[in-house]
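> All chains, full assembly: derive it from the sequences and hints.
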Amino acid sequence: MISRNLVLLLFILILICNFVQAQEDACTLPDGISQSSCIYLQRCDHFQNQIKQYGGRPPQSVVNDIRAHLCVNPKYVCCPVPPTTTIAPVTMLPIPKITTMYPPPPEEIQFSLEQIRQHQNYRLINANSCGLQTSLRIAKGIKAVINEFPWAVLLGYNDGLGEIVWDCGGNLISEQYVLTAAHCIRRDLEIARLGEHTISTERDCDNFGACTDPVQEIKIEKAIKHPEYGKPENKHDIGLVKLAVLADTTKLNVRTICLPTMEAVEITKVKSRNFTMTGWGKSEFGIKSDVLLKTELQLVESSLCSYKDIFEEKICAGGFNKLHTCRGGGLTTAVEMNRRPKVTLYGVLSRGVNCEESTEIYPDIYMNVKYYFKWILDNMS
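Residue numbers for the sequence shown follow our numbering, beginning at 436 and rising by one.
One or more of the hints may lead you astray.
As the list claims (entries may be wrong) - Here are the simulated EDC-like pairs of lysine to aspartate or glutamate, each with C-alpha atoms no more than 20 Å apart in a straight line: (1) 487 - 500; (2) 777 - 610; (3) 654 - 641; (4) 660 - 602; (5) 657 - 698; (6) 704 - 656; (7) 657 - 602; (8) 677 - 813; (9) 657 - 623.
Stated by the list, open to error - Label-pair distances were calculated between CB atoms; the ranges are: (10) 555 - 635: 40 to 48 Å; (11) 593 - 665: 20 to 28 Å; (12) 516 - 578: 30 to 38 Å; (13) 704 - 635: 34 to 42 Å; (14) 598 - 641: 43 to 51 Å; (15) 704 - 646: 34 to 42 Å.
Just so you know, the hints here were simulated from the structure itself, not pulled from any lab data. All values reported here derive from a predicted model rather than from experimental measurement. We put the beta carbon where it would ideally sit given N, CA and C, even for glycine.
Below, the structure written as structure tokens:
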């Protein structure tokens, strides 16, 4: 009986999602008369031209106008084509173009994928069970489903008063290693919590009373920042955390995520897909979340990140109405590996963008995991 009710509920959810999507195909502009279509902000030339005009940092008047054009799904805007509104010119000092010369990427990120697969520690990653989602994924909504992202890890810090503060995150890439951002690695990092969904509950259960396995809290044995991490612009903001004991990845709420080590799943071949960002960070309204959140986003052309001096070791993604986590979260998407859909980690969120300011609508910067394969494997054992 329960299974029948569950199937019926899922069927209703699918109908609702399709209905909402159908509503978003057409929209009415704020003037209440003109008709247009709901599309991703990144695809709306009207607003993208304004964002570029101000070097990726538009004034509040432009931000307010974008908000006025939001569709039912806040990832979309009712795009004026041709422009039907005129933004009053804003008097502001020109933004100087500062060009910083960086040395070429280090040799460690120039290895071929074939050489990576021959690395002595390659056996430690991409286990047969990596990237397999253990619950039905629901595309709509900002809250993740229990067990939807079993590789998401919370990192805990000792506040000096005997309490643990869950202040950063990462992704489990093997039974003993978590990939995170370098800015998450601090002296007070003490413990990792695996299999978490809702921080404040002792046990995570769904609406039908089915509960998942208990979380696994494991002490940190070692944490490693990339040796070249630092200013300017928080380059090489990537780090590796070694757990004191192996995680039990036989549980539904604790699994490893795959890394894109096959040519067929390189980011250049999947860049048109929707990607997912997860974390326990802040929502658009600046409220810190107790529940694992998710948001879908798309890759953005590097020209929109020109103010950040983007190289191949970085990825631009997201933009307006993103999940503001800034806490080691991962950029993931499902790809076919060994004839099975597997969730794969492509980027680690950098602190290079102040993504806790909800008025910022320029893209986030992610460290491109591919370009750190050798460094990652060299530091595993």
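> None of the hints should be skipped; say for each whether it holds.
Hint check:
1. Of the supplied pair hints, the one linking residue 487 and residue 500 holds, its CA atoms being roughly 15 Å apart against a limit of 20 Å.
2. Straight-line distance between C-alpha atoms of residue 777 and residue 610 comes to about 17 Å, which keeps the hinted pair within the 20 Å bound.
3. Using a Cα cut-off of 20 Å, the hinted pair residue 654 and residue 641 is violated, with the two alpha carbons roughly 28 Å apart.
4. Between residue 660 and residue 602 the alpha-carbon distance is near 17 Å, which keeps this suggested pair within the 20 Å criterion.
5. As the CA atoms of residue 657 and residue 698 are separated by approximately 31 Å, the hinted pair breaks the 20 Å bound.
6. Using a Cα cut-off of 20 Å, the hinted pair residue 704 and residue 656 is violated, with the two alpha carbons roughly 37 Å apart.
7. A threshold of 20 Å between alpha carbons decides the hint, and for residue 657 with residue 602 the separation of about 18 Å falls inside it, so the pair holds.
8. As the CA atoms of residue 677 and residue 813 are separated by approximately 13 Å, the hinted pair is consistent with the 20 Å bound.
9. Between residue 657 and residue 623, the direct Cα distance comes to roughly 12 Å. Compliance with the 20 Å bound is thereby established for this hinted pair.
10. For residue 555 paired with residue 635, a C-beta distance near 42 Å keeps the hint of 40 to 48 Å intact.
11. Distance hint check for residue 593 and residue 665: the Cβ-Cβ separation is about 24 Å, which falls inside the suggested range of 20 to 28 Å.
12. For the pair residue 516 and residue 578, the beta carbons lie near 33 Å from each other, so the given range of 30 to 38 Å is met.
13. A hinted range of 34 to 42 Å for the beta carbons of residue 704 and residue 635 is consistent with their spacing of about 41 Å.
14. Take residue 598 and residue 641: their Cβ atoms lie about 29 Å apart, and the range 43 to 51 Å is violated.
15. At about 39 Å, the CB distance of residue 704 to residue 646 agrees with the hint of 34 to 42 Å.
Hints 3, 5, 6 and 14 from the earlier list are contradicted by this structure; the remaining hints agree with it.
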